[in-house]
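Protein sequences, first through last, are from chains A and B. The numbering used here runs 127 ahead of the 1-based position in the first sequence. The numbering used here runs 43 ahead of the 1-based position in the second sequence.
Hint data in this document are derived by calculation from the structure and do not stem from the laboratory. The reader is advised that the hints may include incorrect statements.
Restricting the straight-line Cα-Cα distance to at most 25 angstroms, the calculated cross-link-like pairs of lysine to any residue (SDA-like) are [what the hints assert, rightly or not]: (1) B:Lys275 to B:Val257; (2) A:Lys365 to A:Leu243; (3) A:Lys163 to A:Gly174; (4) B:Lys270 to B:Leu205; (5) A:Lys163 to A:Arg181; (6) A:Lys163 to B:Arg116; (7) B:Lys270 to A:Arg274; (8) B:Lys270 to A:Ser137; (9) A:Lys163 to A:Ser137.
Label-pair restraints from in silico Cβ distances [what the hints assert, rightly or not]: (10) A:Ser329 to B:Thr274: 43 to 53 angstroms; (11) B:Trp158 to A:Arg250: 16 to 26 angstroms; (12) A:Arg250 to B:Glu247: 47 to 57 angstroms.
For glycine and all other residues, C-beta sits at the position ideal for the given N, C-alpha and C.
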Amino acid sequence: MRLLLTSATSDFGRSVAGLLAPDNDLVLTDLSEHAKGHEHVITCDLGDDDSTDRLVDGIDGIVHIGYGGHFASASDLLDQHTRCTYNLLTAARSAGVPRFINLSTLKLLSDYPENLTVTENWRSTPSVEPVILSAHLSEYVCREFGREGGIKIANLRLGFPLVDGDTAAAVASGSTAALAGDDLRTALNAALIADLAAGAQSAGSPHPASFRTIHVQSPIPNRRFLLKGAASILGLWKGQGVA
Amino acid sequence: MNILILGGNGMLGPWVVDALGDRHRLRITDIGEPPETTHEWRQIDVSNVDDVVDSAEGMDAIVNLSVLRPHRRVAFDVNTRGNYNMMVAAVTHGIQRVINTGPHFQLAGPGYEDWDFDLNPDMPPQPGTRLYAHTKALGQEIDRVFTTTHDIYLQTLLFYHLYDPADIGNGPGGSGLESLGRDMMVPYSIAWQDAGSAIRCAVELPLERLPTRVETYMLFTDLPHGKFSNTKARGQLGWQPQYHLESLWNKS
Numbered sequence: 128m129r130l131l132l133t134s135a136t137s138d139f140g141r142s143v144a145g146l147l148a149p150d151n152d153l154v155l156t157d158l159s160e161h162a163k164g165h166e167h168v169i170t171c172d173l174g175d176d177d178s179t180d181r182l183v184d185g186i187d188g189i190v191h192i193g194y195g196g197h198f199a200s201a202s203d204l205l206d207q208h209t210r211c212t213y214n215l216l217t218a219a220r221s222a223g224v225p226r227f228i229n230l231s232t233l234k235l236l237s238d239y240p241e242n243l244t245v246t247e248n249w250r251s252t253p254s255v256e257p258v259i260l261s262a263h264l265s266e267y268v269c270r271e272f273g274r275e276g277g278i279k280i281a282n283l284r285l286g287f288p289l290v291d292g293d294t295a296a297a298v299a300s301g302s303t304a305a306l307a308g309d310d311l312r313t314a315l316n317a318a319l320i321a322d323l324a325a326g327a328q329s330a331g332s333p334h335p336a337s338f339r340t341i342h343v344q345s346p347i348p349n350r351r352f353l354l355k356g357a358a359s360i361l362g363l364w365k366g367q368g369v370a
Numbered sequence: 044m045n046i047l048i049l050g051g052n053g054m055l056g057p058w059v060v061d062a063l064g065d066r067h068r069l070r071i072t073d074i075g076e077p078p079e080t081t082h083e084w085r086q087i088d089v090s091n092v093d094d095v096v097d098s099a100e101g102m103d104a105i106v107n108l109s110v111l112r113p114h115r116r117v118a119f120d121v122n123t124r125g126n127y128n129m130m131v132a133a134v135t136h137g138i139q140r141v142i143n144t145g146p147h148f149q150l151a152g153p154g155y156e157d158w159d160f161d162l163n164p165d166m167p168p169q170p171g172t173r174l175y176a177h178t179k180a181l182g183q184e185i186d187r188v189f190t191t192t193h194d195i196y197l198q199t200l201l202f203y204h205l206y207d208p209a210d211i212g213n214g215p216g217g218s219g220l221e222s223l224g225r226d227m228m229v230p231y232s233i234a235w236q237d238a239g240s241a242i243r244c245a246v247e248l249p250l251e252r253l254p255t256r257v258e259t260y261m262l263f264t265d266l267p268h269g270k271f272s273n274t275k276a277r278g279q280l281g282w283q284p285q286y287h288l289e290s291l292w293n294k295s
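In isolation and in its complexed conformation, chain A is listed as follows (with noise of 0.2 angstroms):
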């Protein structure tokens, strides 16, 4: 599959290439000012002119890094997050791309204690603090796109921290809220192809669901976050007490 990788030459942008590219022809892309001596990576700023439209080109799917991307100010951030965000799904959704993957974080649900069921269902809390409000508008901006069609987006809320590994390097973390690289690399696998209406209400509608938010975090046993999106929509670990 022939995919966008945006905010490539970030740090956590380069973790995500490395679990893609074993399995995908990655196109990486990064912002002016972050993609300079880069020689693999192409130049764009996201704006609202043709060079988005010619990023997207022949692309299968993109996978957008919706949070944990490049450190910038506040305003940025936000123009990063909202702005640009727009802009790509409105080149990707003129160009016919048909899988659309932001990667936000489960931190938007971090308020909760620790105690409650927390699953896909529940409503988000987002503090003012800017790289988590950025986070929060991504979504916002993809959910409006998926409200009215044209291109299923897949939510992907990740655990954190980030670990190299497998599942128990996961465990052995401390995190109960923690992702493996090799789950997350298997959730993002299963995101570019599953059917975003599996499970859905409107499963069975003439427009069935083109968002969907799906919570990922490595299936421990003491999991913080409730796993039920990753079961029924992208089918993972049915067999690890995930359902």
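Could you slot chain B onto chain A? The hints should help.
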């Protein structure tokens, strides 16, 4: 009350100044040229956080009338980031009262409007992806999030069609025939004068009478269509429309 008005020299601004001017001390700001006014005036860009924070010093309330529609980058700068800057200014100066404005479809977008009736201001927002609605809705969401962590009361007034009654036959010398049916596609209309008075009602409503820190109102005159509801604006703000714009929907 000392009131900062952002976007004070646009379409709605002069009507708000008329409604508030003899009752409060106003600091009018806009990116454009200064109005003819006896009130304090500053030329600022709402997308510049320093401009907005500086302008808010010494104020008791902020009224945001700023808006930019067709240009994509500037629409996000003004309608989305401008709201962030406004809330930063409110936090910086301890301003509790923030009044935001926008189009009704930042809340009731196509997902509602094409299908439903009795649409009201307490529905979950569904702005869709049209630039104007989308960018204003993002600004509104930023404002809402700020109220969850700061002692700020946000009142949002939603408008759509705004008319001078004298131009549509509801005032002296006018004929309504040319306007008949203009209000049928989106029956959500108000006179400029009533829009100004609604903002005055919001400004002067004691904060302790607000049920929550985030209250939204649909502002339009009494219309027979049943598409939208202005009941909350009438009840909570104590606002009464003075112009009924009958010539928009009445054949005789």
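Hint by hint, here is what the structure shows:
1. B:Lys275 to B:Val257: OK: Lys275 (chain B) and Val257 (chain B) at ~13 angstroms, within 25 angstroms.
2. A:Lys365 to A:Leu243: holds, 21 angstroms
3. A:Lys163 to A:Gly174: Given that 25 angstroms is the threshold and the Cα spacing comes to 18 angstroms, the pair holds.
4. B:Lys270 to B:Leu205: holds, 17 angstroms
5. A:Lys163 to A:Arg181: Holds, at about 19 angstroms.
6. A:Lys163 to B:Arg116: Distance of about 23 angstroms is within 25 angstroms: holds.
7. B:Lys270 to A:Arg274: holds, 22 angstroms
8. B:Lys270 to A:Ser137: Since the Cα atoms of Lys270 (chain B) and Ser137 (chain A) sit roughly 48 angstroms apart, the hinted pair is violated (cutoff 25 angstroms).
9. A:Lys163 to A:Ser137: holds, 12 angstroms
10. A:Ser329 to B:Thr274: 43 to 53 angstroms: Roughly 31 angstroms apart at Cβ, these two residues miss the hinted range, so it is violated.
11. B:Trp158 to A:Arg250: 16 to 26 angstroms: Check passed, 24 angstroms falls within 16 to 26 angstroms.
12. A:Arg250 to B:Glu247: 47 to 57 angstroms: violated, 32 angstroms
In this structure, the hints that do not hold are numbers 8, 10 and 12, in rising order.
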